[in-house]
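> Those protein sequence lines, which keep their order, are chains C and R.
Anchor point for the first sequence: position 68 equals 68 in my numbering, and the numbering is continuous, going up by one each time.
So the mapping is simple: my numbering equals the position in the second sequence, first residue as 1, plus 1000.
Calculated directly from the structure, the hints in this document are not laboratory data.
It cannot be assumed that every hint is accurate.
Just a sample of chain C residues kept apart from chain R, beta carbon distances all over 12 Å, derived [to be verified]: (1) Gly-48; (2) Ser-66; (3) Trp-71; (4) Ser-90; (5) Thr-101; (6) Ile-105; (7) Phe-113; (8) Lys-127; (9) Val-143; (10) Gly-147; (11) Ile-157; (12) Arg-169; (13) Pro-182; (14) Arg-250; (15) Leu-265; (16) Val-272.
Below 27 Å or equal to it, Euclidean Cα-Cα: the simulated DSSO-like pairs (lysine-lysine) are [as the list claims (entries may be wrong)]: (17) R:Lys-1441 / R:Lys-1605; (18) R:Lys-1596 / R:Lys-1388; (19) C:Lys-127 / R:Lys-1388; (20) R:Lys-1055 / R:Lys-1269; (21) R:Lys-1041 / C:Lys-32; (22) R:Lys-1506 / R:Lys-1493.
Note that beta-carbon positions come from the ideal geometry of N, C-alpha and C, so glycine has one too.
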Amino acid sequence: MSTVEQVTATLPAPEARRQSLWRAVLRTSEGKIGIGLGAFMIGLIVLGQLLGPATDYNVAAPGSGSSAAHWFGTDALGRDVMSRFLAGGSTVLLIPLVAVTLSLIIGGSLGLFGAYWGGRPDVVISKAFDVILTLPPLLIVLVIIGGLGSSNTVLIITVALVYAPGMGRVVRGTAQSVIVNPYVLSAQARGERDLSIIFREVLPNVTGPTLAEFGLRLTYGILFVATLSFLGLGVQPPASDWGLMVAENRGLITVAPWGTMLPALGITALAVAFNLSADALSRVLAGDDLSRLAMI
Amino acid sequence: MSAAATEQDGARRPGACAVTRLGADGAALVVEDLSVGYHQKDGGVLRVVANVDLKLFPGQVLGLAGESGCGKSTAALAAVGYRHPGGIILSGRSTLGDTELLQMRPSDVRLLWGGQVAYISQNAGMSLNPALTIRRHFDEVLRRHAGLSGAQATARELELLKSVQLPDPKGVLLRYPHQLSGGQQQRVSLALAFACRPAVLILDEPTTGLDVTTQTYITALLQTLIAETHVAVMYVSHDLALLSTVSNDVAVMYAGEMVERGPVETMVKAPLHPYTNALLRAVPSARARQSIAGIAGEPPVSVCDDSCSFAPRCLYAEDRCRNEHPESRQIEPLRTSRCFRTEELREDLHIVVDIDRRVSPGQAGAVEEQSLSLLEVDGVSCFYGSRKRRFAAVRDVSFRLADAEVLGIVGLSGSGKSTLLRAIVGILDDYTGAISLRGDKLAHRAVKRPRPVRRQVQIVFQDPASSLNPRHTVSQIIGRAIRLFREDVPHDKTADAVAELLESVKLSRSFLQRYPSELSGGQQQRVAIARAFAARPSLLLCDEVTSALDVSVAATIIELLRDLTSRSGTAVLFVSHDLAVVRTLADRAIVMRDGKICEQGSTEKLFCAPEHPYTIELLASIPDIADVRAGRRLHPEGAPSC
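All chains, please: the whole structure from these sequences, using the hints.
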């Protein structure tokens, strides 16, 4: 019985039990790897932007393998792969980030208001979501980019449009389970305005699941934008972009594999980093409720 | 293991369920020195049940009482070999006939469960698989434990369903759990539990969550089945009133230990342990307006070895209690107590029924004298659903409420009592009729009402956990109400006003920065009450405010409400399904059924000389501790006199 720990009647002070979401995420192994990898990749991309793209085109033989001068070889036009890799990360990260944030703002607020008001506005909003969700994302993108031509702005708006219904549904679903709580009724009984109730009572309680969904969508977004660039619908040459680099160098994969491998690895690392972080976040959030049930 | 093997063979013999041989003194289950712990994240073990000794006899019911978190369910389940995930049995023996349950392999114990050992949980709807028909539930049990199948099984299934008095047993067999009502689901669980004529039956709050009248039928049915089958029963419940009406013996648990055990009749009158005394004093009665007293504080989360675990909350604790751990002692042939001072306190611990003669400022009868009542509800009908499929939850209800009067509304779930409160507080759109406050008709939505009007009507909800925003601190929650309704409090004095309110609900300043999840249920409800009183209302609406709480905590909340409202002259509209609570708190009461008022009048008259048959039925159906003290058990036929 020596292993039995004697615990006194008092619970630890609330300050000791309370921990920030951030710390809890970092405590999980997914969180550690995800956020560590993410920080490394973002650092690499920022560094690449600071150094600027290498100006020395055609300095070496096209499609050469790795050497002391070009660590990861050169591409079909003789450009240094590593230099283009360092310079090309920003679009892969920023376009999805801005687009998914935009989809969160548009879809999230529509979902939130729909859930709160219910009735006809809610029906219209959810049906609109459903219509967009029935269309294949690539088809939407083809039509819009085919019509407007490709630019970063068009790319962001298109991706945001594709992802808004998904974000909206998650926010709406979570909000629906929040607004039936008596604390919302209580606010209504106090005579609080709708906007005040939405922002003070509902919004803080949907942030958790929304954040997890945001992380997951970001993963999809990175892959989606990279795919679009690969297909020639996204970032256009001569810009350096990882998706575009994979497409440009895929003919040389047997001769100079780094030209495709390095950007592909970059995309994978980014996607894995965000995915693991999102996983850690949802695990922490789910465990948040479980820990309360765990006692006797 | 040979004993287990025999049991298995017996269980597989077609047509017959195994018969358990009884122990030497006739006990069906003997539990000795049972200790249970939980693994913790830091590698330690939290001991939640310690050294429990129990004996279950055929045909007898042992009640296991105590507040939530005292290890009742854990002990009951561990006694039949079940461990919660993460739980470990630290010591003990549990002998069923001649089988030692705690030493058996899990696969062998599982052969006994559902056969010789049956268990019924609180929520029948959750314990039945929604994807299987009722027949499949029975088939599984009967095939596994009785070797029955085909026509034999069907015959037994129909017989069982008839024995739990389910109408149309053939139809029920084909249905899915969700197609049955809560009471019917619990009957099915009962029939399943009795399917193999178990030797031991564990009941874990089997009627909590059911309406009082359904609860009575289930309890009566249970008693019949116990008498017929001679099963030994362990009945776990925090409801002492109910437990005292169904049990032969009661064991009271506190902090994982058994603090008192003995026959129920003597225990409810003259408990031996101060904790039992405190629990009993917290139980309200519908038969008389008794004073009740809650127990301050909370039970410890694990077993205390160096002191009496109840000492911090005990009225009779002395130095010895804080420094030494008392052992359980035999006081009388059948009674044990774990208290150093049992002998010297015996007289003090006798339960003296104290009739509460305090009169609230707005006593009954004042309504007729007043020309302008505080609240006037005139021909109100409330509706749910869309225009096309409109359902009336409240139909043509009218009543008046005087200043500082406490009016109770009783009725079963679905009687429309909560809906009515929502209409009054202004969170229900669809109602007809007029609700007036001091003669002025109220707008439907609270937003449309002027702020001074809104200030006067405040509400407290049933579930304290969900009535406080989990992302706001206590100070934010109460502060918001102060900022909205209290113009006399300047901005920089808000924190002081909040602290003052917390003090009025007996919470210290240290709660200011806590989040609701860091409070116990009782503390959360206090915060909700403080938030309502922040507005200095003239009418407080209480929607089942004690239903989600333990009896000991509920009593403190009732006391608090009584104290606050009578001091501030606030009128209260108290909605509850618990007649005893309404009797304790209200001057006048209304009985509602299916959205209509059956009867209204002063609580004295309504509870002692009910006229409406429904009121009489309700009063007769509730288990009441006063009846047990007077030597009466449940009264399915008629209401007892006061």
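> Confirm or reject: C:Val-143 is not an interface residue toward chain R, with every Cβ-Cβ distance exceeding 12 Å.
holds, 38 Å
> Is the nearest Cβ of chain R still more than 12 Å from the Cβ of C:Trp-71?
holds, 46 Å
> Going by Cβ atoms, does C:Phe-113 stay more than 12 Å from chain R at every point?
It holds; C:Phe-113 is separated from chain R by about 17 Å at its closest Cβ, greater than 12 Å.
> Beyond 12 Å from every Cβ of chain R: is that where the Cβ of C:Lys-127 lies?
Non-interface label stands for C:Lys-127: nearest chain R Cβ at 18 Å, farther than 12 Å.
> Quick check for students: does the CB of C:Val-272 sit more than 12 Å from each CB in chain R?
Non-interface label stands for C:Val-272: nearest chain R Cβ at 28 Å, farther than 12 Å.
> Taken at face value, is the distance from the CA of R:Lys-1388 to the CA of R:Lys-1596 at most 27 Å?
Holds, because 22 Å separates the two Cα atoms, which is no more than 27 Å.
> Keeping to a limit of 27 Å between CA atoms, is the pair of R:Lys-1441 and R:Lys-1605 held or broken?
violated, 31 Å
> Taking the minimum C-beta separation from C:Pro-182 to chain R, is that value above 12 Å?
With a cut-off of 12 Å, C:Pro-182 comes too close to chain R, as the shortest Cβ separation is near 4 Å.
> Could you check that no beta carbon of chain R comes within 12 Å of the beta carbon of C:Arg-169?
holds, 22 Å
> For C:Gly-147, which was marked as not at the interface, is the minimum beta-carbon distance to chain R over 12 Å?
holds, 41 Å
> Far enough from chain R: is every CB of that chain over 12 Å from the CB of C:Ile-105?
holds, 20 Å
> Closest CB-CB distance from C:Ile-157 to chain R, is it above 12 Å?
Non-interface label on C:Ile-157 holds, nearest chain R Cβ at 33 Å vs cutoff 12 Å.
In summary, the numbered hints that this structure violates are 13, 17.
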